[in-house]
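The chain contents come next:
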Amino acid sequence: MDVREKLAILADAAKYDASCASSGSKGTRQGSKLGSTEGMGICHSYTPDGRCVSLLKILLTNYCIYDCQYCVNRISSDTPRARFSVDEVVSLTLEFYRRNYIEGLFLSSGIIQNSNYTMEQLTLVAKKLREEHQFGGYIHLKTIPNADPELIQEAGLWADRLSVNIELPTENDLHQLAPEKKKPEIVQSMSGIREKIDEFKADRKEGFKAPRFAPAGQSTQMIVGATPTSDQEILETATELYTGQNLRRVYYSAYSPIPHADARLPAQSPPLVREHRLYQADWLMRFYGFSSEEIVTEDDRNLALDIDPKLAWALANRHFFPVDVNRASREELLRVPGMGVRSVDRILQVRRYRQLRSEDLKKLRVAWKRTRVFVQTADRNPGLLNLEKLNLRQQLRPQKQLLLFDAAASATTGEV
Amino acid sequence: MPLHAVETFEEWRVAARELIATGVPAEDVSWTASSQSLFSAQSPSSTQTSGTKNFSVPPEFIERARVVACHQDQGRWELLYRILWRLTHGERHLLKDSADDDITRFQRMHKAVTRDVHKMKAFVRFRKVVVDEGEQFIAWHRPDHRIVRLAAPFFARRFPTMNWTILTPEESVTWDQQDLKFGPGVPASEAPEGDVLEDLWKTYYVSTFNPARIKIKAMKKEMPVRHWPTMPETALIPEMLEQAGQRVTQMMNSREGFDTTAASFFPDEMTWENVAAAASACRACHLHEHATQTVFGTGATNAGIVLVGEQPGDREDIEGEPFVGPAGQLLDEALENAKIDRTTVYITNVVKHFKFTEKGKRRLHQKPNAREISACRPWLEAELEILKPSALVLLGATAAQALLGRDFRITRQRGQIVKSEWCDRTVATWHPAAILRMPDEVRRRQMTEDLILDLATVHGR
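Chains as they are written, first to last, in the working numbering: chain A, 15 to 430; chain B, 47 to 507.
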């Protein structure tokens, strides 16, 4: 089998992992001869599924000893199999990088032989890129739960980011669809990485020249829509991971029907709008001061699909409004629908010099159609009259219900 | 009215400094962007007056103005000068007033240029050309603004050890591993033809696309169509979209596999008797097709000690009871030696049906695969849930790995008492059949002793 055929199989097998970020690494590694990481990630291309192509995202092999039902690579699937050699991955990464196709490599793998062996192989790729080729681009390694801590430690020396997939939102979901994976083990792997990262930071703070350890932190992914678990539970799990494990990012991947899937999984199209709403809610929890307990306002413990979660919260908490844009605190302003972090920061700056009127807010590019219902300005804002109207939700709901097929770019960025 | 012809930010800066110093208000100055204009820029020295008064502006302004200066908008010099005038005439905080019309425009232009630079970093596609001096990487790119000078240092940092050139319609830049050299613009026809790597890149692009999700608007928003001609992978997009529907249908149709695990056969009330009866009708995997019967666990249901093997063998399959063949005999002896009465223990297997290949008249044991194990495992879990053993003995690697994880190594971890999900005192030891298969007599004896010891230890407390 030639490299092209392997690439087709092993990129196809890796595509269900939603994470593609190449951000978060501060400063290029010293001594690099090819490649840089300057903090901000770059998306080098986009595929028609709306996802960005930033890293060469492949599996080392899709042979696997496990039988996880949601996974295309499970042992009982008759999907075509392939295995890259370490050198093939190294060379592909370098050649793609030199042509500016990619920011770096995101390498994962099916489990072959055992966890340790698999982890060793992944680490070897990263080590070769760094040591033999002085590669300074981005490397994201998937860590294999249960691999020895020393192996994870070494992976962290070469990689910018490490991740362990939580796979499914709850223990019960895991039990149902991935009986061989156990949440405590996965979480334990995450804590192991977190401890190493903390250790590194502490050493640096004390002035020791500790070797870099996963400077872009760790992330994880969970599949949503494969089980009936509610958004509330999903977001609680995410909160637990953000606070408990200090994760940089939790990715939500709408369950896609996979070839050779177990018939017990739903065969419908992936719930893209739901995925989009989860990213929005996640964003609100991380940057807008919302908590997982308050953000789901619907009775069925799922996020509303027809309107964004911030608007849904505002409609359910109308007593909180109107917010006076000329007096309110940053925290209060952040809760106003249609205003993002940047608009809020600009408002705080501008209002030191002038009283903000409705016109000014429009210039600051807030989503005025939504915002006008919730804010008090220096002039008379007639939009406020609608605040108590019962049909407000219908009024503010986006007109197009086309959303299903085109949940906008924020599905990937999560920006509200 | 003086007309100032400036092309670069530095030229504007010199001229503007002079104008401010001599107190010329914004409405009295005209700017033109072309140096080919009949009026040449006034040389700074010509209007230099001795009484120039010093002034300063926030460094943020210079930094951002340098970016805005690359914008295509003809009105940029005028805007920059008007903001400069206002900054130095009583409105020092102007930059912070995002609601001001000039600042709104300034910010918008800044954003447009920054975005263009970002897209250039992303969408430049080098093609490798081998020339006499070695490898050259050449790209042709069409930015929206005049940003080559803004973006070039990034490429120098990223590709320090490559010789590369980026061509654009208005400017070009070359890096020789030491310096950046800027040159004139070049038409697209000058760009190199192709690169063998592009085939692999396209293969990757197609393979990483998930046809079950289509978001064309999102794609076009982030990757504007005007950049597509210089990005080889985009040639495939129409075809990919055309085939997407069909591929999804195919994906859904090729759903396969076992639609059930043992859990689908569970009785309403989970008593041992009910579970055992339900298991006899299990069809969660295909093993039931050839096996004689389900071989469920037997023994004392209040036993306290539970032994788990791999799967029934030939004799067990016929008799319907676990461990009644030669391996069972060895186990009986071992139990006796460990001073454990077999009637006081419960014995079962991970897989409840016999798996075999036929060779002549003999049925040869075959190891169950991961699929069969995970289909059958709920029976074992139900047994353990009901029995709540005080000691759990896992006989052989299959049982150990099924319950303790795939990384369990019987050769290394045999005999260690560990806490598992089902029992605080769990131990893995040799499977009696593995002992029987051991050709070396000494080793066989040793393994038998291990087995006895492990049984006695876990039982003994």
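Hints are computed from structural coordinates only; laboratory data are not their basis. Since the model is a prediction, treat every value here as computed from it, not as a measurement. Be careful, since some hints might not be right.
Claimed, not checked - Now the stretches of chain B that chain A is said to cover, found in silico as 3 or more residues with beta-carbon under 8 Å:
(1) 124-131
(2) 139-151
(3) 156-163
(4) 170-183
(5) 205-216
(6) 242-250
(7) 269-279
Beta carbons are placed, not taken as given, at the ideal position from N, Cα and C, and that holds for glycine.
Hint check results:
1. Counting residues of the region 124-131 of chain B whose CB lies closer than 8 Å to any CB of chain A gives 0, which falls below the minimum of 3, so the coverage claim is violated.
2. Counting residues of the region 139-151 of chain B whose beta carbon lies closer than 8 Å to any beta carbon of chain A gives 7, which reaches the threshold of three, so the coverage claim holds.
3. Counting residues of the region 156-163 of chain B whose beta-carbon sits less than 8 Å from any beta-carbon of chain A gives 0, not enough to reach three: the coverage restraint is violated.
4. A count of 6 residues in the region 170-183 of chain B with a Cβ less than 8 Å from any Cβ of chain A is obtained; the coverage claim is therefore met, three being the minimum.
5. With 4 residues having a Cβ less than 8 Å from any Cβ of chain A, the region 205-216 of chain B passes the three-residue criterion, so the hint holds.
6. Proximity of the region 242-250 of chain B to chain A, defined as three or more residues with a beta carbon under 8 Å from a beta carbon of that chain, is established by the 6 residues found.
7. Three residues within the 8 Å Cβ limit are the bar, and the region 269-279 of chain B against chain A gives 3, so the coverage statement holds.
Checked against the numbered hints above, the structure breaks hints 1 and 3 and satisfies the rest.
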